[in-house]
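Engineer: Chain by chain, the residues run as shown.
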Amino acid sequence: MTRIRRGMRAASVVAGIGIVAVLAAGCRGGGDTPSESGSSAPSPGITDTSVALGITTPLSGATAGPGTCTVAGITAYFGAKNADGGIEFGDGKTRTVEINALDDGYDPQKAKANFDQLKDKVFAMTSGLGTPTNRAYREAAIADEVPQVLIQTGDPIFSNQQESPWQLGFVPIYQNEGEAFGKLLASSSENHTVAILAQNDDYGEGYVEGFKKGIEGASNITIAKELTYEATDTTVDAQLTELASTKADVFFNAMSITPLVISALQKAQEINWLPSWFLPSNTSSPGAILEPGGASAFPGVYTVAFAQSASAPTFADSEEGKTFLADLKEYADYPDVPAFPHCVWSYQIGAVLDQVFQKMTEPTRDNFMEALRSIKDYVAPLMLEGSSVDTTVDGQPAVSSVIVQKYNGKGYATADTWE
Amino acid sequence: MSSAASLVQKPWVRWASLAVLVVLLLVIPLLFDATTNATLARIGVFAVAVLGLNVVMGYTGQVSLGQIFFLGLGAYVTAYGVSQDWNIVLVFILACLIPAVAGLLIALAAARLGGLAIAMVTIALPIVGVPLAKRLSEFTGGSQGVSAQFSDAPDWSGLADDQWQLYLVILIGGITFLLTRNLVHGKYGRAFAIVKGNEAVASSMGISPYRYKVLAFTVASLIGGVSGFLYMVVIQYTSPETMSFAHSIQLLASMVIGGAGSILGSVLGGAYYVLVPQLTNIIDPNLTALLQGAILLLVLFVLPGGLVSLPRLWRRRRGKGSGTSPSPLPAPTSEDTVSIALGSRGSTPPPPTPPTESEERQDT
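Protein chains in written order, with my numbering: chain A, 320 to 738; chain B, 214 to 577.
These are calculated hints, taken from the structure and not from any lab test. Backbone N, C-alpha and C define an ideal beta-carbon position, used for all residues, glycine too. Careful, some of the hints might be misleading.
Claimed, not checked - Label pairs and their calculated CB-CB ranges:
1. A:Lys678 - B:Phe352: 41 to 51 Å
2. A:Glu639 - B:Ile496: 28 to 38 Å
3. A:Glu482 - B:Gly506: 31 to 41 Å
4. A:Asp403 - B:Ile496: 50 to 60 Å
To be verified - If you only want the chain A side, here are some residues facing chain B, beta carbon under 7 Å, derived:
5. Leu378
6. Thr382
7. Ala420
8. Ala455
9. Glu458
10. Ile461
11. Asp520
12. Lys586
Given the sequences, and given the hints that come with them, work out the whole structure.
Structural biologist: As structure tokens, this is what we get:
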């Protein structure tokens, strides 16, 4: 009896390993397209008639909403282009663009697995959302020389060419946002005192660093007090009371947590401190944050943006907005007006890649990276006036010019000067 | 069936199959392409994590929902050690010891509570771990995470990186599996099974449930640390997201699907953890969560004992079909497996090895 059991166990271990191996081998699903050696041969994922792009992004879990948008926008853009016959590349060939998107659930480990699965099938990785997930395969992408470009993270490491030769971020880094607001404030004709509250991590530090750069040399701005809070804090009442005692007329609040922003807006009103506010782009939604926080009580609430908001009332009437929404519905199976800006961003990523493809003279990844780093002053669809794509500056993402916006009680309008 | 059974009970067959297994493990990294090797290595990583969970849950019956925390801790210790240029052997030892000590301290308090309380305490681990990792940015790199590349193949080996990494996983994971197998099949395993079965009975036999719960939890944490080290070998990057609570639940589901209280089940659980997301991605990346839920339900309905009970089920079917019943094992649950294993070694009662400590025998 014992022997049978032992024998069966040993046999089943062997069988199990075999099953696992077979499963794993099956999983590569014919993924290894033989890459003909020779440097001038086309890179994987590109033929004379088509090019494949890979995306790993959260399509399930807590960040599935924005994650779905990172695929929908670019799928809509290239869906429309493919329907018109494709994109004419710089080498004279017309290719259609195919999107291979995989779900990573915002798990770094799965993102790396997805990259492993895609790297031999796709020409480049793009558009994926998330700092940890993109970081998880950054080094592997460098080692395998696979472009990981126009990704949606504000982490500056992806825009540093020394550290990330095969990468480029798309959305502005935190510093860009803080700096834009600092510059606007410095241009004011009056004197201002500023109170700063920042999240105690790379996010808050990035904003404050940018803001200080923006007001550098401006004699009319003084920083009265600078405090931090932890991302795990449930209240910042103590910090607000302390900052209010400085009677600062401008409050720079680098905060990424929605409920905290709302309660901070309310608390400031309670203690009758009514400065002008700055809020980061991801925590400045009119409907979700400013209205519940009663933001109209303040003389001004500012944020920054580079793309039009699809939820703005004028959006659906504009020519570009109409095309965007129609393409989204027809080619990306996304019938609603997107609640997340990532759909517009991802659409713009498609447009930037379109420009890059038109500049490519060889179907290689090297040539692609070269073309990618040569886009300047390109105004992508749905961009705000004054914002543009510039990939030529080392240390900056593709979009680094952001426009300061002021809350007008309903939505945002561009603020050219400090009033 | 009977001829097959008589075949497998011959010692040389067992040794031969063991040899085949070893040879397979040695040859596999050389056979496949890089992607498959990376997938196999990831399976190894999570098989070890599931194995740790099995020690505390499958074998000892204590609900632990925080196993991913120890994986994350081990990964962070590894990343920090590598960034400080410590000797890699020292890093490995620390990556095992620090989670083990953390597990020990938590278990000393939590095991006294017993029952559902230990589950609640372990829930807190990943929930506290994520913000803690974000806050201790000088060690953890904050929310941006930390990379550590130390597992690239050395030049003398002549191997590719993925082959080298898979060998490391097979070696370290293999030793971990072997040691754990010996642990749970030895006197400690019998004690675990009795604690799982009935704590009052355990106490009456002189087996302190408290002691063995703490021991199981500590061992599970240590194995979690090993899997964290292997995680860094394969993924080379960790961030607070690594130890998010959802992953802990996925590990738990993988353990149940693979087969609770089973060594082979841990391997199958690791394979499930890694392969199912890839599989659902192939089917439809927009429906991964739904499909994973459906697969989970399907497996549990068809195979309540987990994937590991598949051969048993098949054997039972065969037995019924031919009218004979050469193997009267009634698709045992994990608990039964251990007790049957106990019985098969000559039905002596488990030796009351640990000295009875009256102050520890509470609630009994």
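Engineer: So, for every hint listed, does it hold in this structure?
Structural biologist: Taking the hints in turn, this is what the structure says about them:
no.	hint	verdict
1	A:Lys678 - B:Phe352: 41 to 51 Å	44 Å, holds
2	A:Glu639 - B:Ile496: 28 to 38 Å	35 Å, holds
3	A:Glu482 - B:Gly506: 31 to 41 Å	40 Å, holds
4	A:Asp403 - B:Ile496: 50 to 60 Å	30 Å, violated
5	Leu378	5 Å, holds
6	Thr382	10 Å, violated
7	Ala420	5 Å, holds
8	Ala455	5 Å, holds
9	Glu458	6 Å, holds
10	Ile461	11 Å, violated
11	Asp520	5 Å, holds
12	Lys586	22 Å, violated
Checked against the numbered hints listed earlier, the structure breaks hints 4, 6, 10, 12; every other hint is satisfied.
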